[in-house]
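Chain order of the listed sequences is A and B.
Sequential numbering of the first sequence, starting at 1, is according to the working numbering.
Sequential numbering of the second sequence, starting at 1, is according to the working numbering.
Do not rely on the hints blindly, as some may be mistaken.
[Stated by the list, open to error] Mimicking BS3-like on lysine-lysine, the simulated pairs with C-alpha atoms at most 27 Å apart in a straight line are:
1) K177(B) / K206(B)
2) K59(B) / K193(A)
3) K177(B) / K121(B)
4) K121(B) / K131(B)
5) K193(A) / K303(A)
6) K160(B) / K193(A)
[Unchecked claim] Here are some, though not all, of the chain B residues that point toward chain A, as calculated from beta-carbon distances under 7 Å:
7) R25
8) L29
9) H78
10) Q87
11) L110
Read the hints as simulated data drawn from the structure, not as lab findings.
Computed from a predicted model, the values in this text were never measured in an experiment.
For glycine and all other residues, C-beta sits at the position ideal for the given N, C-alpha and C.
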Amino acid sequence: MEYFVQQLINGLTLGSIYGLIAIGYTMVYGIIGMINFAHGDIFMIGAFISLAVFLLLTSVLGFAFLPVVLLIVLIVAMLFTSAWGWTVERLAYRPLRGSFRLAPLITAIGMSIVLQNFVQITQGARVKPLPPQIRGGITVMQGSTEAGTIVVQLSYMQMIIIVTTLVLMTAFTLLIARTSLGRAQRACEQDRKMAALLGVNVDRTISLTFVMGAALAAVAGLMFLLLYGVIDFYIGFLAGVKAFTAAVLGGIGSLPGAMLGGLLIGLIEVFWSGYFTVEYKDVAAFSILAIVLIFLPSGLLGKPEVEKV
Amino acid sequence: MRAAAEPLLSVRGVETYYGNIIALRGVDLEVSRGEIVTMIGANGAGKSTLMMTICGDPKPRSGQILYDGTDITAMPTHEIMQLGIAQSPEGRRIFPRMTVMENLQMGASLVDPNHFEDDLKRVSELFPRLKERLHQRGGTLSGGEQQMLAIARALMGRPKLLLLDEPSLGLAPLIVKQIFETIRELNENEGLTVFLVEQNAFHALKLAHRGYVMVNGNITMSGTGAELLKREEVRAAYLEGGRH
Ligand SMILES: Nc1ncnc2c1ncn2[C@@H]1O[C@H](COP(=O)(O)OP(=O)(O)OP(=O)(O)O)[C@@H](O)[C@H]1O
Ligand SMILES: [Mg+2]
Chain A
1 MEYFVQQLIN GLTLGSIYGL IAIGYTMVYG IIGMINFAHG DIFMIGAFIS
51 LAVFLLLTSV LGFAFLPVVL LIVLIVAMLF TSAWGWTVER LAYRPLRGSF
101 RLAPLITAIG MSIVLQNFVQ ITQGARVKPL PPQIRGGITV MQGSTEAGTI
151 VVQLSYMQMI IIVTTLVLMT AFTLLIARTS LGRAQRACEQ DRKMAALLGV
201 NVDRTISLTF VMGAALAAVA GLMFLLLYGV IDFYIGFLAG VKAFTAAVLG
251 GIGSLPGAML GGLLIGLIEV FWSGYFTVEY KDVAAFSILA IVLIFLPSGL
301 LGKPEVEKV
Chain B
1 MRAAAEPLLS VRGVETYYGN IIALRGVDLE VSRGEIVTMI GANGAGKSTL
51 MMTICGDPKP RSGQILYDGT DITAMPTHEI MQLGIAQSPE GRRIFPRMTV
101 MENLQMGASL VDPNHFEDDL KRVSELFPRL KERLHQRGGT LSGGEQQMLA
151 IARALMGRPK LLLLDEPSLG LAPLIVKQIF ETIRELNENE GLTVFLVEQN
201 AFHALKLAHR GYVMVNGNIT MSGTGAELLK REEVRAAYLE GGRH
């Protein structure tokens, strides 16, 4: 039982990170029907920027008060990835809008390779470490087995990740459901031509969607860095594939679907590693995806048809 | 200085293509402030293309479109609409996964939010059926209800020029009468300028101050509604057997 609870906590933490990245995939897909393969790398960039800014603030400038440091790191990382997301959309995707469907997809893969190689060359291929910054936690429960006592820990870091994710996802859901920007985004998703006829600046709305996804990926990047303490140029690919899987599992184009999918993929991965073998954790996640898609082709919360104009 | 008699909308020599296929072959027309102007024409004549060309999508290959003294020919659609034009387009284009309320809010995107409650009340009075269904999804409305919503959504934008592409399509004769009556009232009481395209030629020409006939991408006839109704060619092509 204790072991189960511990895995549950770990799974929710990992799933939160996947969920935040998955939102970027699902929103961009929803609005322009394209899989932004470079999105995982934006997460990676977010982690690297976070690390650089963190080291700059603490080692070079000598800031010591951690909450303020982390806040600045977060803001800088979000600004940077947002600018990057906006630029990529502007330069690489917008000119291809209206051409055949595969064109932006190929460009996206190209952008992903460019980013990975850029970071690999400038930062080196080795992993970059960051010593744990937020230590400690609370004991959730305790139990004894014949092997000794098991302590179920919820670390402060995990708490921060889960709470931050909850707050962001709530804010985001409200933004999409209640604000005029969110309405404009949904309008573009459902009928871009009509949205323009009602005065919506479609290009700007699409840009903002990229920016929002990128900002959330930066948050995920910082949390990943703080949780695992090591990053390299390749984390964007792995996390990107997982988050993409999460988005498809939940139903691509659906916001709650992305969150649910993220949590599920995180849980599957952690439980599989905990109860079976670590080696096959990715196989488990992808197998479940395949099985779900056989029975629910549009994912768990996806809309059965996506009418495209 | 602008002369008061200058038309609100003028379309001059507009040619629109879809790829290499020509759809509008040099269209000229004018709509003055406070007028109701109707265009009739057979299927495929280019009526909807003209409506959309006025709104900047597709763009004409040649010719000029002036609205309220501004050349809007090359403007992006959303900027044209910001000038006070609203369209209820062909096929209605209701956002299917938004509620009726949200569709109306979209219509009011460009309007000061302080007007929303009043405007909502006004369109609810015009279309009581919508009022009962504010929280129903657009995609689940009946065809006629969608048509009402499309018109209501356009009105929520407080347009100076209202473009209606076949507003009577799919509606019961009684509702058609109501909608045309509504258009007349808006025109008389609020000075709303209306340009509408119709298959329902008899009612539309009776409603209109002036009318145009479009054949195969060309304007072939124009005149007051009453004049056109008397023309033999119009009666033969658009009215006989089609009168309600
Ligand atoms: N997107 C498009 N691509 C290619 N051709 C088009 C397109 N839209 C319209 N056309 C063609 O342009 C011509 C004019 O079409 P349009 O829709 O303007 O006619 P209409 O007068 O509105 O007809 P209806 O009364 O049937 O609505 C038709 O021949 C049509 O096939
Ligand atoms: Mg038409």
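For each hint, the structure was consulted:
no.	hint	verdict
1	K177(B) / K206(B)	holds, 11 Å
2	K59(B) / K193(A)	holds, 13 Å
3	K177(B) / K121(B)	holds, 21 Å
4	K121(B) / K131(B)	holds, 9 Å
5	K193(A) / K303(A)	holds, 21 Å
6	K160(B) / K193(A)	holds, 21 Å
7	R25	violated, 24 Å
8	L29	violated, 20 Å
9	H78	holds, 5 Å
10	Q87	holds, 5 Å
11	L110	holds, 4 Å
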